[in-house]
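Novice: Please model the complete structure; the sequences and the hints are all you need to start from.
Next come the chains, spelled out residue by residue.
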Amino acid sequence: MPDGNLKLRGVVRAVLGDHVDTDIIYPGRYLNITDREKTAEHLFALSYPEIRGSLAAGDFVVAGKNFGCGSSREQAAAALKFAGVGAVIAGSFGRIFFRNAINLGLPVVIAPEARAGCAVGDQLEIDLGAGEIRNLTGNRSILAAALDRKCVELLAAGGLIPYLKAKRVA
Amino acid sequence: MTIAEKILARAAGLHQVVPDQVVTARVDLAMSHENADLVRKSFLEIGALRVWDPTRIVIIFDHRIPAESERTAATHKAIREFVAAQGISNFYDVGRGGICHQVLPENGHVRPGMLVVGTDSHTITHGAFGSFATGIGATEMAGVWCEGALWFKVPHSFRIDVQGQLEQWVSAKDLILYIIGKLGADGADYRAVEFDGPAIRRLSVASRMVLTNLAMEMGAKVAFTPVDEELLEYLRPLTPQKIGSIAPDRDAHYERIITIDASREVSEPQVACPHAVDNVRPLSELGEVAIDQAVLGSCTNGRLEDLEVAARVVAGNTICERTRLVVIPASQQIYREALHLGYLETLVAAGAIINPPGCGPCVGVHQGILAAGETCVSSTNRNFVGRMGSKDSQVYLASPAVVAASAVAGRLAHPASIVQEDPCLMEI
Ligand code: SF4
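From first to last, the protein sequence lines are chains Y and C. Numbering of the first sequence is given in our numbering, commencing with residue 1 and proceeding in unit increments. Numbering of the second sequence is given in our numbering, commencing with residue 1 and proceeding in unit increments.
What the hints contain is simulated information worked out from the structure, not anything from laboratory work. Don't take every hint at face value.
Claimed, not checked - List time: in silico SDA-like cross-link candidates among lysine to any residue, alpha-carbon distance up to 25 Å:
| hint | chain 1 | residue 1 | chain 2 | residue 2 |
| --- | --- | --- | --- | --- |
| 1 | Y | Lys-150 | Y | Ala-45 |
| 2 | C | Lys-6 | C | Asp-53 |
| 3 | C | Lys-41 | Y | Gly-129 |
| 4 | C | Lys-153 | C | Asp-20 |
| 5 | C | Lys-77 | C | Arg-50 |
| 6 | Y | Lys-165 | C | Lys-153 |
| 7 | Y | Lys-38 | C | Ala-12 |
| 8 | C | Lys-182 | C | Val-83 |
| 9 | Y | Lys-38 | Y | Arg-149 |
| 10 | C | Lys-153 | Y | Ala-45 |
| 11 | C | Lys-182 | Y | Gly-121 |
| 12 | Y | Lys-38 | C | Asp-20 |
| 13 | C | Lys-153 | C | Asp-53 |
| 14 | Y | Lys-150 | C | Gln-21 |
| 15 | C | Lys-391 | Y | Ala-146 |
| 16 | Y | Lys-7 | Y | Gly-129 |
| 17 | C | Lys-41 | Y | Glu-41 |
| 18 | C | Lys-391 | Y | Lys-7 |
| 19 | Y | Lys-165 | C | Gly-148 |
| 20 | Y | Lys-165 | C | Glu-81 |
| 21 | Y | Lys-38 | C | Ala-73 |
| 22 | C | Lys-6 | C | Ala-149 |
| 23 | Y | Lys-7 | Y | Ala-156 |
| 24 | Y | Lys-165 | C | Val-83 |
| 25 | C | Lys-182 | Y | Gly-91 |
| 26 | Y | Lys-165 | C | Asp-37 |
| 27 | Y | Lys-167 | C | Ser-284 |
| 28 | Y | Lys-150 | C | Ala-12 |
Stated by the list, open to error - Derived list of chain C stretches under chain Y, where covered just means 3 residues or more per stretch with a C-beta under 8 Å from a C-beta of chain Y:
| hint | segment |
| --- | --- |
| 29 | 42-53 |
| 30 | 68-75 |
Just so you know, even glycine gets a beta-carbon here, dropped at the ideal spot from N, CA and C.
Specialist: So, in structure tokens, the structure goes:
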């Protein structure tokens, strides 16, 4: 996320269903890739390979409930981030995926109505701190949960690594 | 307070905590497998030099053993070098351990009241030993390696009270599949789940681990089974350390209390059908499902009692010609015991292949990958699209007894249809 900016603007590139698990986001067979940037090549590789090619930097992925359920693989969050995804907006998230995303500096927004309120191609504006989503294309607001203070702090730092680095220097 | 609240309060140095409170807690044990390489990279990126406490870190190779590719071999090598440089003595290399969630308890690393984190979602399994155990990501683990602490949001707690008892051919696996089917894949999202009741207290420690392991598949953050004499007896020979106890307070607050009558509600084996763990049906409701591969193993069901029941089912039978039975003991220790007791002999004689103790095909990497159009019955814990191979393969999750029976029948089958005798009286 650019310089701790908690306001994001982007285009919805994919609208997915409920229970998109980490095997769908990043299949187990590619887990021995530990170079984070390279994980992007295998984003949604088995189920939705077309999404990756269509992503432009800062695009949003919208989904139903329990996005990122399943394994603890951090590659799932890394692949989204390094494929250019600016934020994932979902009804709810798998717990470990949610933490991984924050720790890698990938904004995640809980918004139960997002799937019904957005279509592919819509322009959104998100205020992470306040928990607000504006659908600029449809000219309506979508209710979202404000992020915990701790999460905002980590996102603002760009993730856990820069956060801890800064702490060590200080 | 509930068990989760008590452990977090202790680890955070507080008298009391309440749900939704965010606390920073000291970690008692930090476990990683091959993804220790990702952790190591983040750790170095942070600029850290030494881990906070090498005696509290455990590293176990299990996902890709022995190395299936040059890339994995290099990963293993990098971790070995890191482990040596940091003085991490709790390191279980290829041939020394097995699946991380079996190796940790088997070697006395987990005890009641501990706060355990692991870079694996099924770390939740260790709640069967009374520990607050949960999965975290690799970068987060790098933070733990630096600081020995982590932030947690105190979870709300559910209590699942299981009355009655498990009938013949109904195991802990069937019980937990039934519960997941009832609550849904996100039915316990972010919650701490306490299992208790007479049916639970009668279970072996190995069977309790099946419950806590699969609680992950309904979204739980941590899960517990009771710390009782059965557990303490299991733990005593494993560790010279003092073993504490932990139980919820009488006035502990639960967001939900769910009561299940096992005898009535779970009267037959349960199966999770493709492609979701909460897509659960009683075995008798499924029609004819032909099976290409049967997998017996994993951190869910690769323990001695699982190999034993499978051996009893296949004893005197042969695996169906069109079906492969892949057996994976969960650890080296279980492998040796199963050898000694003749279970592996029985399984191999029937036509099974034995994989080395590790994750094997569970995560779709090697040692039994499915082709498009193939159907597998597996004692593992996930049947997501493509989990064990082709995205066009199908995985049914079931108990070890059903896996073994299906391997013999070549289709999903009830063990009673294969074994006529009372399994308790049978000798193998
Ligand atoms: S056996 Fe399967 S579920 Fe268990 S740790 Fe290994 S890959 Fe994960």
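Novice: With reference to the structure, classify each hint as holding or not holding.
Specialist: Each hint, compared with the structure:
| no. | hint | verdict |
| --- | --- | --- |
| 1 | Y:Lys-150 with Y:Ala-45 | 32 Å, violated |
| 2 | C:Lys-6 with C:Asp-53 | 24 Å, holds |
| 3 | C:Lys-41 with Y:Gly-129 | 30 Å, violated |
| 4 | C:Lys-153 with C:Asp-20 | 5 Å, holds |
| 5 | C:Lys-77 with C:Arg-50 | 19 Å, holds |
| 6 | Y:Lys-165 with C:Lys-153 | 23 Å, holds |
| 7 | Y:Lys-38 with C:Ala-12 | 37 Å, violated |
| 8 | C:Lys-182 with C:Val-83 | 43 Å, violated |
| 9 | Y:Lys-38 with Y:Arg-149 | 31 Å, violated |
| 10 | C:Lys-153 with Y:Ala-45 | 33 Å, violated |
| 11 | C:Lys-182 with Y:Gly-121 | 37 Å, violated |
| 12 | Y:Lys-38 with C:Asp-20 | 36 Å, violated |
| 13 | C:Lys-153 with C:Asp-53 | 24 Å, holds |
| 14 | Y:Lys-150 with C:Gln-21 | 12 Å, holds |
| 15 | C:Lys-391 with Y:Ala-146 | 36 Å, violated |
| 16 | Y:Lys-7 with Y:Gly-129 | 8 Å, holds |
| 17 | C:Lys-41 with Y:Glu-41 | 20 Å, holds |
| 18 | C:Lys-391 with Y:Lys-7 | 37 Å, violated |
| 19 | Y:Lys-165 with C:Gly-148 | 16 Å, holds |
| 20 | Y:Lys-165 with C:Glu-81 | 24 Å, holds |
| 21 | Y:Lys-38 with C:Ala-73 | 19 Å, holds |
| 22 | C:Lys-6 with C:Ala-149 | 17 Å, holds |
| 23 | Y:Lys-7 with Y:Ala-156 | 11 Å, holds |
| 24 | Y:Lys-165 with C:Val-83 | 22 Å, holds |
| 25 | C:Lys-182 with Y:Gly-91 | 21 Å, holds |
| 26 | Y:Lys-165 with C:Asp-37 | 19 Å, holds |
| 27 | Y:Lys-167 with C:Ser-284 | 59 Å, violated |
| 28 | Y:Lys-150 with C:Ala-12 | 16 Å, holds |
| 29 | 42-53 | holds (count 5) |
| 30 | 68-75 | holds (count 4) |
Comparing the model with each earlier hint shows violations of hints 1, 3, 7, 8, 9, 10, 11, 12, 15, 18 and 27; every other hint is respected.
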